[in-house]
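Asks: Spelled out from the first residue to the last, the chains are:
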Amino acid sequence: MSTAIHDIGYRHYDGPRLGRGQTLRALYTHNLRALFGLGRGAKAKIIPFALAAFLLLPALADVAIKAIVKEAQFLIPMAAYGYGFQPLIAIFLAALAPVVASREIRYRSVPLYFSRPVGPWDFVAAKFGAFATALVLLVGVPVTVMYVGFLLTRSSLIEAAQQGGGFGSVEDIPTVAGITGDWALALLGVVLLALVLSSFALLVAAFTPRRGFGVAAVIALYLISNVVVGIVQGISQDRGAWDVAAWMNLFTPFNLVYSVQVALFDAESEPLIAVPDTAMGLTGLLLCVLVVAGSLAALHARYRKAGA
Amino acid sequence: MPIISTRDLTMRFPGVTALESLSVTVEPGVTGLVGANGAGKSTLIKILLGLQPPTSGGAEVLGNDITTGGAEIRRRVGFMPEYECLPPDVSATEFVVHMARMSGLPASAARERAADVLRHVGLYEERYRPIGGYSTGMRQKVKLAQALVHDPQLVFLDEPTNGLDPRGRDEMLDLIRRVGAEFGISVLVTSHLLGELERVCDHVVIIDGGRLLRSSAVASFTEASGNLVVEVEEGRDALGAHLAERGLTVQAEGRTLVVRIDGETTFDIIRDGVVDLDLALIRMEQARHHIEEVFQR
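So the sequences go chain by chain: E and P. In terms of our numbering, the first sequence opens at residue 1 and continues consecutively. In terms of our numbering, the second sequence opens at residue 1 and continues consecutively.
Source of the hints: derived by calculation from the structure; they are not laboratory data. Computed from a predicted model, the values in this text were never measured in an experiment. One or more of the hints may lead you astray.
[Unchecked claim] For lysine to aspartate or glutamate, the following DMTMM-like pairs were computed, each having C-alpha atoms within a straight-line distance of at most 20 Å:
#	chain 1	residue 1	chain 2	residue 2
1	E	Lys305	P	Glu84
2	E	Lys45	P	Asp89
3	E	Lys45	E	Asp172
4	E	Lys305	P	Glu82
5	E	Lys45	P	Glu94
6	E	Lys43	P	Glu94
7	E	Lys70	E	Glu159
8	E	Lys70	E	Asp172
9	E	Lys43	P	Asp89
[To be verified] Partner residues are not named here, just some residues of chain P that face chain E (Cβ under 7 Å, in silico):
#	residue
10	Leu49
11	Pro53
12	Phe79
13	Met102
14	Leu173
15	Phe183
[Stated by the list, open to error] Computed from the model, here is a short list of chain P residues facing chain E with C-beta under 8 Å:
#	residue
16	Ser42
17	Lys46
18	Glu84
19	Leu86
20	Pro87
21	His98
22	Met99
23	Ser103
24	Gln146
25	Asp151
All C-beta atoms, glycine included, are put in the ideal place defined by N, C-alpha and C.
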């Protein structure tokens, strides 16, 4: 028998074992932390936090303008925030989808999960949930900052408008109830954007296990779909085919979501070249549901294969 | 009560039959699963984990049916895969803690168990460094640790000595013996090398081409063969001829003679022969079967 103090024998574990829900939550938290590089080196934090900062800056600027210049108009409409800053979001998708989607596939550690009380659907749910949460935070926080900024400055904006001086009229300044409704609809749009983009980006990244390819694939899909849709919309508008141009919105992810927001959630149509009608909005929403469901089903199949 | 029992387990892939009506029971303790590469060992583990439904037949692990009780099985077993499966950019501690959480341990218990189990497998200061810088031997220890961290009742170890140098191999075999004996965790360990399993297993199951070749206690593989091994310093052939003249069945094997034991007198005849020929006797012992002979027969 060794006399060394550290050499105590094997001890069995008879403490609690948590259920599936709590394990799923632990996996979700693990993925969310990995996305923002928490618990990793400083390098892993640069991209997510830099992008979050860039996305927050315009919202802060908007609040500053309201507070100092007393301009009641939003710098960018709350509902169009994600659509307007889509390049930043696309970079976030490309850089970080591979971190969540293909890490375990790349290192072949999926079977270690599936030999535990974690199944393929848990895996998909945790990753999809974490990525969607990150996107909601990324866009939802700036939108909420603008909303809160408006609420805090509203009385001074009204005062400034009453004194005249080219700030527009008091009637143009939204009521608290009105702006709260706008904010809620904008957040609904943010959630829809997050669900569609995260499921699709994860899918692309999961099928390109080499990290570099995953980044390239997500960016390429974003750029190519935008360019193709842009060209077709340009041509069809030249020929007066407005309907075709509007339908084309459904073929690139950001336009798809924003079309639904315009047609169904009362978002401003200005950012879009061709304005969708309600039918297109409903079709778009259905398409969103199909993209999410299809992507998740394919992700499930991908992980099941990697875990066998 | 057996911890594993299979009934007519058959697994067919397009073009390949991995398992062919395999019926075998495994009792608690350390059991070796031996077969050539491609004999169906890894497939059997996947089926027993409830991750792959068999083509036909059934099995029970720890009293749970693999088709209906897969989740319960996976709560109570550990699995160490054959291949490289560790992320290089996290430390062993972080990784094993995470795996403990995935087995349902609360955060604080996961940290405690991970520290314990890493110490037991022999990873100390290095467990705080990223796994990417580890040697093969250290990686195998991390793989073993993640299979044990949730204190399972049974662990499946798939080729744990693969790729290890002789010292690493000895360490791993020693660990496996301790898991069975000291930790009280049953082990099903696969290998394509019979010899090394002989050292750590109570029981060995041999499969070949997906069929059961033999399942028995290690002791029965190595029981006395009914032959005597006789070694003399010089004059092996003279002694051989001498014994044959007296009616014994003798065979030369290397520097020794193998003599069939026909009865008590066999020993006397050999003793007298050595004395008569004035030879120097080095050893005379019961020949034991070597486990590998199973394949030669």
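Asks: Flag every earlier hint the structure violates by its number, smallest first.
Replies: 3, 11, 14 and 16
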